[in-house]
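All residue numbers for the sequence shown refer to my numbering, where the first residue is 51 and numbers rise by one.
Please keep in mind that the hints were generated in silico from the structure rather than gathered at the bench.
All figures in this text were calculated on a predicted structure; none of them were measured in a lab.
Don't be surprised by glycine CBs; every beta carbon is placed ideally from N, CA and C.
The reader is advised that the hints may include incorrect statements.
Straight-line C-alpha distance at most 27 angstroms; calculated DSS-like pairs for lysine-lysine [said to hold, decoys possible]:
hint	residue 1	residue 2
1	K359	K372
2	K121	K206
3	K436	K370
4	K372	K187
5	K225	K266
6	K353	K311
7	K397	K187
8	K107	K266
9	K359	K311
10	K130	K206
11	K277	K264
12	K266	K110
13	K206	K372
14	K85	K257
15	K403	K353
16	K257	K277
17	K266	K385
18	K121	K187
19	K399	K264
20	K56	K318
21	K56	K85
22	K359	K370
23	K206	K277
24	K381	K206
25	K277	K385
26	K436	K372
27	K381	K414
28	K56	K107
29	K230	K187
30	K121	K266
31	K359	K187
32	K266	K230
33	K397	K264
34	K266	K277
35	K353	K436
36	K385	K397
37	K266	K353
Listed next, with one range per pair, are the computed distances between beta-carbon atoms [what the hints assert, rightly or not]:
hint	residue 1	residue 2	range
38	N429	E312	47 to 53 angstroms
39	N54	H243	38 to 44 angstroms
40	V194	N134	53 to 59 angstroms
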Amino acid sequence: MSFNTKWDVDQHTTTFENAEHWKFRRAFLIANKNKYPEDRLETLSRMFIFIEFMECKYPKPTMDFIHDLSKSFVNDLREKLHENIQDINMTDSDTAKDYGSTQAITSNLNINQPPNKNMRYTTPYDSNCLIPGFMLKVVNGVNVYDILEQSCRFSKITNPEIEYEELNVDNIQAKLYIHKKLIAVAAGPTIKHARKSVAVIAYDILKEICFTIKVKEIDTLSQISLKDMNNLKEAPNCSTNYKNLSDNNLGTMILKNMGWKEGDGLGKNNQGIKSPIEVIQLKKRVGLGVAPSRESAKMSLNKFQTEVKEHILRFLSGPKTKLSFTTEFSKDERKIVHRICSHLGLKTKSYGKNENRRTVIEKKQTPQEIFYELINSVNYENDSYKLELPRHESNTYTCSIMKL
């Protein structure tokens, strides 16, 4: 895969980044500039810093991957950093201890040892995953922090936690934890900025090491509209039954003698109507514009309930996992849909406001059921979801999954 390599490494430094951290991260970017696209390498460089200085511990395959990308230069930088610490004359022993703690922690790991193939994970439920059972659930149009929260709810774990620390004036550090594990660190001039930055970095890191389930937009072919409700095409107090005019009808004969042909519009340029005007016959001798009675309205809702239940039962026995009802349905009709789905064990949710409100029903599936359905589907997708593999695992995943 080709990608742009003519980008400026120094543009990735940030105002609030520690000078020593940037020195390490800059070396990482330079060493791997021709190996990966810019946006992915930016994420990998931050993971490298979090491992090196922040005591972040990612899954073994991830640690091996980062070490392979940094082993050509990291030992030299560690030695220089150690020399700088020894040269600093500090009167405060606690400060010296804190500064010394920024030394590389990965030097205790044997980076010369080849990655253990048995440690690679092929599902999000493997014990060596960062958070076993955790998957990102991504919905278009949702901000990054909300994606992290909904992913935690989807995976049945506690919501993300962020710890803030004021390093100095206009410099707030944020550490984001999921399931008590440190995922990312960022800083900003305010809590709001720091929160946004750490959420974006955490999201990019989780995309690198976790499985992602992307929620697809509702397929228009999986929608139910009023046209699909066969028994509701007639208003309760009227009839639109209409018989085609015969060829010996006087009006038809006159039009044909004037050059009109069936299927053409009236007028010199055929710009008029093409079908005869239909007569709406009111039933029960009611007047024009009369509102339907309570009895007729109740009968109409009963017909709707019978018809919509047939559609829902058909959906329940089919392969699709989601079904949407268009915005044409009334509030009372949506209530009927919710009630039927509740009895049948289906999830329902309405979106939008007023005339733009629509209802979506969904089969109840556990995250595990969704995952295993997707990995056994063509291109890892179905009508509702698409599974994306962890970025650095995707090259080996196809081979590994064959062994399951």
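We went through each hint and held it up to the structure:
Proximity of K359 to K372 is assessed by CA-CA distance (about 15 angstroms); at most 27 angstroms being required, the pair is judged to hold. With a C-alpha separation of about 37 angstroms, the suggested pair K121 and K206 falls outside the 27 angstroms cut-off, and the hint is violated. At roughly 14 angstroms between alpha-carbon atoms, K436 and K370 fall within 27 angstroms of each other, so this suggested pair holds. Proximity of K372 to K187 is assessed by CA-CA distance (about 16 angstroms); at most 27 angstroms being required, the pair is judged to hold.
With a CA separation close to 31 angstroms, the supplied pair K225 and K266 exceeds the 27 angstroms bound. Proposed proximity of K353 and K311 is contradicted: the alpha carbons are some 40 angstroms apart, above 27 angstroms. Between K397 and K187 the alpha-carbon distance is near 17 angstroms, which keeps this suggested pair within the 27 angstroms criterion. Between the alpha carbons of K107 and K266 the distance comes to roughly 32 angstroms, so the proposed pair goes past 27 angstroms and is violated.
Distance hint between K359 and K311 is unfulfilled; the C-alpha atoms sit about 44 angstroms from each other, more than 27 angstroms. For the hint pairing K130 with K206, the CA-to-CA distance comes to about 45 angstroms; that exceeds 27 angstroms, so the pair is violated. Among the hinted pairs, K277 with K264 is inconsistent with the structure: their alpha-carbon atoms are about 31 angstroms apart, more than 27 angstroms. Restraint check for K266 and K110: the C-alpha separation of about 32 angstroms exceeds 27 angstroms, so the hint is violated.
Of the supplied pair hints, the one linking K206 and K372 holds, its CA atoms being roughly 21 angstroms apart against a limit of 27 angstroms. Proposed proximity of K85 and K257 is supported: the alpha carbons are some 18 angstroms apart, at most 27 angstroms. Straight-line distance between C-alpha atoms of K403 and K353 comes to about 26 angstroms, which keeps the hinted pair within the 27 angstroms bound. Restraint check for K257 and K277: the C-alpha separation of about 42 angstroms exceeds 27 angstroms, so the hint is violated.
Between K266 and K385, the direct Cα distance comes to roughly 25 angstroms. Compliance with the 27 angstroms bound is thereby established for this hinted pair. Distance check on the hinted pair: K121 and K187 sit about 34 angstroms apart at the alpha-carbon level, beyond 27 angstroms; violated. For the hint pairing K399 with K264, the CA-to-CA distance comes to about 18 angstroms; that is within 27 angstroms, so the pair holds. Distance check on the hinted pair: K56 and K318 sit about 66 angstroms apart at the alpha-carbon level, beyond 27 angstroms; violated.
For a cut-off of 27 angstroms, the pair hint linking K56 to K85 stands: about 12 angstroms separates their Cα positions. Only pairs whose Cα atoms come within 27 angstroms are accepted, and K359 paired with K370 is accepted, the gap being roughly 16 angstroms. Annotation: proposed proximity of K206 to K277 is violated, straight-line Cα distance about 40 angstroms (limit 27 angstroms). Proposed proximity of K381 and K206 is contradicted: the alpha carbons are some 32 angstroms apart, above 27 angstroms.
Among the hinted pairs, K277 with K385 is consistent with the structure: their alpha-carbon atoms are about 19 angstroms apart, no more than 27 angstroms. This hinted pair checks out: K436 and K372 have alpha carbons roughly 14 angstroms apart, not beyond 27 angstroms. Straight-line distance between C-alpha atoms of K381 and K414 comes to about 24 angstroms, which keeps the hinted pair within the 27 angstroms bound. The hinted pair formed by K56 and K107 fails the criterion: a straight-line CA distance of about 32 angstroms is larger than 27 angstroms.
Distance hint between K230 and K187 is fulfilled; the C-alpha atoms sit about 20 angstroms from each other, no more than 27 angstroms. A C-alpha spacing of about 40 angstroms is found between K121 and K266, which places the hinted pair above 27 angstroms, so the restraint is violated. With a C-alpha separation of about 30 angstroms, the suggested pair K359 and K187 falls outside the 27 angstroms cut-off, and the hint is violated. Annotation: proposed proximity of K266 to K230 is violated, straight-line Cα distance about 30 angstroms (limit 27 angstroms).
This hinted pair checks out: K397 and K264 have alpha carbons roughly 19 angstroms apart, not beyond 27 angstroms. Between K266 and K277, the direct Cα distance comes to roughly 25 angstroms. Compliance with the 27 angstroms bound is thereby established for this hinted pair. A threshold of 27 angstroms between alpha carbons decides the hint, and for K353 with K436 the separation of about 37 angstroms lies outside it, so the pair is violated. About 13 angstroms separates the Cα atoms of K385 and K397, which keeps this hinted pair within 27 angstroms; it holds.
Taking the CA atoms of K266 and K353, the gap is about 32 angstroms. The hint is violated against a cut of 27 angstroms. Taking 47 to 53 angstroms as the suggested C-beta distance range, the pair N429 and E312 conforms, at roughly 49 angstroms. At roughly 28 angstroms, the beta carbons of N54 and H243 sit outside the given window of 38 to 44 angstroms. At about 36 angstroms, the CB distance of V194 to N134 disagrees with the hint of 53 to 59 angstroms.
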